[in-house]
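K.L.:
Sequence:
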Amino acid sequence: MIREQTAELVRKTIKDLQKEKIWPEFEMPEILVERPEDFSHGDYSISMAFQLSKIIKKSPTEIASLLSEKLKVRNEKMFGKVAAAEPGFVNFFLSKEFLQKQVAEILKQKEKFGQVNIGRGEKVNVEFISANPTGPLHVGNARGGFCGDVLANILAAAGHKTTREYYVNDKGRQVYFLEHSLNPEETPVYKNIYINALQKRGIRDAERATKFIIAEIKKTIAKMGISYDVWFFESDLYKNKEDKKALELLSKKGLTEEKEGGIWFKSKQEFADDKDRVLHKKTEERPEGNTYFLSEIAYLNNKFKRGFKRLIIFLGAEHHGYVPRIKAATEALGYDKESVQPIIMQLVHLLEDGKEVKMSKRTGIYVTIDELLDEVGLDVARFFFLMRGYGSHLNFDLDLAKQQSEKNPVYYVQYAHARICSILAKSKNQNSRLRASFAEVATKAEQGFGGQAKSKINLKSLTHPSELALIKQLIRLPEIIEDISRDYQVQRLPQYAIDLATSFHQFYRDCRVLTEDRKRTQARLSLLLAAKAVLGNTLKLMGITAPEKM
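Take the sequence shown: its position 117, counted from the start at 1, is 110 in this note's numbering, and no numbers get skipped.
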């Protein structure tokens, strides 16, 4: 990728300066290549002159100036300009020739464009939603559900072997209360449409009730466009005695103690938790004695035993205390605590007419995912839930979500794809000259812009600022995928889709595609095919449709 190529170029330049005895020998620091927010500062930039100034004993400005001069010599045709900038930056400007070649590169890769292999087949488990089988999924579950699903897509695109998993808590406290709620003689703990349906069917036992609710949840999951690889039941841990094995393992390591009528995990004494945690203590709700936390430890151990190197767990805002104890459990089991990455999702607020919607108009309880999807549609729901970082509360504007205008970001992005398809279709259906031009471009694109096609599409006419700006956006996708695979911030993807659509709409305003100039028409049709591929790939990663007509 361009960032890696740039970093390698800088690395070689520094080594040249060391060989020439201009700079002393030193351990090479990390070369961080970033994109400046202000495009006038270049397409890429490095700030390592500040680090090197302490080693070389020269000012950052002087170091940046020398680096930029040497880099100009080593340019390798990727950059049209390399310039030092105060107080110590080196800015890189991609050349027109390099950008033009990227259009052909995108058309070679097509649906594979954007994929990177930084994961190298590493097994990653992504667990999300995992709601208790006590009622319908609500809008809070939707946020973790869509973000988890899209993160799994991105990790797969980054070369990881990814497993989507749903953990079903079908034992213990919540199941006890479920059965309690089905008994007409008891005051119900849970009140929802599933409880009503179970009571009408005369189902009173927890096992049958759980099966019914899970079947209903699976229908909602399918409606969300999510397909799990594994549905893991807590009861299976008990059947396979994995709870006892986990308890024995911790006891052998001296990490448990008996007190207050139970067995406790010394998570505060031995690790960074805020208190010790009870693992086994018989109660009316859990007559077998195992606590939820013991099941969590056994489940954690099970995942590692299945060969996963990284565990990503999406959790609701109420689980903020979960992180230190699950990290402690990971260490206690003998694994690297950084291999477990809990992601805490903040709350979702539905807004209508500027006011928060707290209750369902249909049921008078909470708003379910099914209701929301019926109201706004799957594409809109997915995009809106992806748009904010996990640590921020999400305000879901129902009025905006239902708009079919450029104010609605989903419509704005999808309309860009539909408009591209419309222009391509128009080129196929107009006069014979345009049909011939498109046929040549399509043939070349179909053969991957390799050496097999007889036609020669000249991309050198792509010089308009809006053409080059669009290409610069297109080539960002691999970087976006790499960044998300490292920090899990999936909100980068919808924002990228908006930026890409904006660049396309600007190109559409500034550059007429179907012209009398055959070479220019072919070049712009090629650019459109590349834009269609990248925008389509981006929407697919988000699980959103790429319409050809709107």
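I should point out that these hints are in silico values taken from the structure, not numbers from a laboratory.
A quick note: this is a predicted structure, and the numbers were derived from the prediction, not measured.
Every residue gets a Cβ at the ideal spot worked out from N, C-alpha and C, and that includes glycine.
Hints are supplied without guarantee of correctness; some may be wrong.
Said to hold, decoys possible - In silico DSSO-like links for lysine-lysine, alpha-carbon gap of 27 angstroms or less:
#	residue 1	residue 2
1	Lys101	Lys395
2	Lys465	Lys5
3	Lys268	Lys116
4	Lys268	Lys216
5	Lys12	Lys63
6	Lys542	Lys419
7	Lys89	Lys101
8	Lys70	Lys5
9	Lys216	Lys154
10	Lys302	Lys105
As the list claims (entries may be wrong) - Derived DEER-like restraints, expressed as beta-carbon distance ranges:
#	residue 1	residue 2	range
11	Glu509	Lys8	13 to 21 angstroms
12	His342	Ile111	34 to 42 angstroms
13	Phe205	Glu278	19 to 27 angstroms
14	Glu253	Asp346	50 to 58 angstroms
15	Glu90	Asp503	19 to 27 angstroms
K.L.:
It remains to establish, for every hint, whether it holds in the given structure.
P.N.:
Each hint tested on the structure:
1. At most 27 angstroms may separate the alpha-carbon atoms for a hinted pair to count; Lys101 and Lys395 exceed this at roughly 37 angstroms.
2. Restraint check: the Cα-Cα separation between Lys465 and Lys5 comes to about 25 angstroms, which is no more than 27 angstroms; the hinted pair holds.
3. With a CA separation close to 32 angstroms, the supplied pair Lys268 and Lys116 exceeds the 27 angstroms bound.
4. A threshold of 27 angstroms between alpha carbons decides the hint, and for Lys268 with Lys216 the separation of about 41 angstroms lies outside it, so the pair is violated.
5. Between the alpha carbons of Lys12 and Lys63 the distance comes to roughly 13 angstroms, so the proposed pair stays at or under 27 angstroms and holds.
6. Only pairs whose Cα atoms come within 27 angstroms are accepted, and Lys542 paired with Lys419 is accepted, the gap being roughly 12 angstroms.
7. Under the criterion of a C-alpha separation no larger than 27 angstroms, the hint pairing Lys89 with Lys101 is consistent with the structure, at around 19 angstroms.
8. The hinted pair formed by Lys70 and Lys5 meets the criterion: a straight-line CA distance of about 16 angstroms does not exceed 27 angstroms.
9. A C-alpha spacing of about 25 angstroms is found between Lys216 and Lys154, which places the hinted pair at or below 27 angstroms, so the restraint holds.
10. Distance hint between Lys302 and Lys105 is fulfilled; the C-alpha atoms sit about 25 angstroms from each other, no more than 27 angstroms.
11. Against the hinted window of 13 to 21 angstroms, the Cβ-Cβ separation of Glu509 and Lys8 comes to about 52 angstroms, which falls outside the hint.
12. Between His342 and Ile111 the CB atoms are about 36 angstroms apart, so this pair conforms to the stated range of 34 to 42 angstroms.
13. For Phe205 paired with Glu278, a C-beta distance near 21 angstroms keeps the hint of 19 to 27 angstroms intact.
14. Evaluation of the 50 to 58 angstroms hint for Glu253 and Asp346 yields a pass: the beta carbon distance comes to about 52 angstroms.
15. Look at Glu90 against Asp503: about 21 angstroms separates their beta carbons, and that is inside 19 to 27 angstroms.
Checked against the numbered hints above, the structure violates hints 1, 3, 4, 11; every other hint is satisfied.
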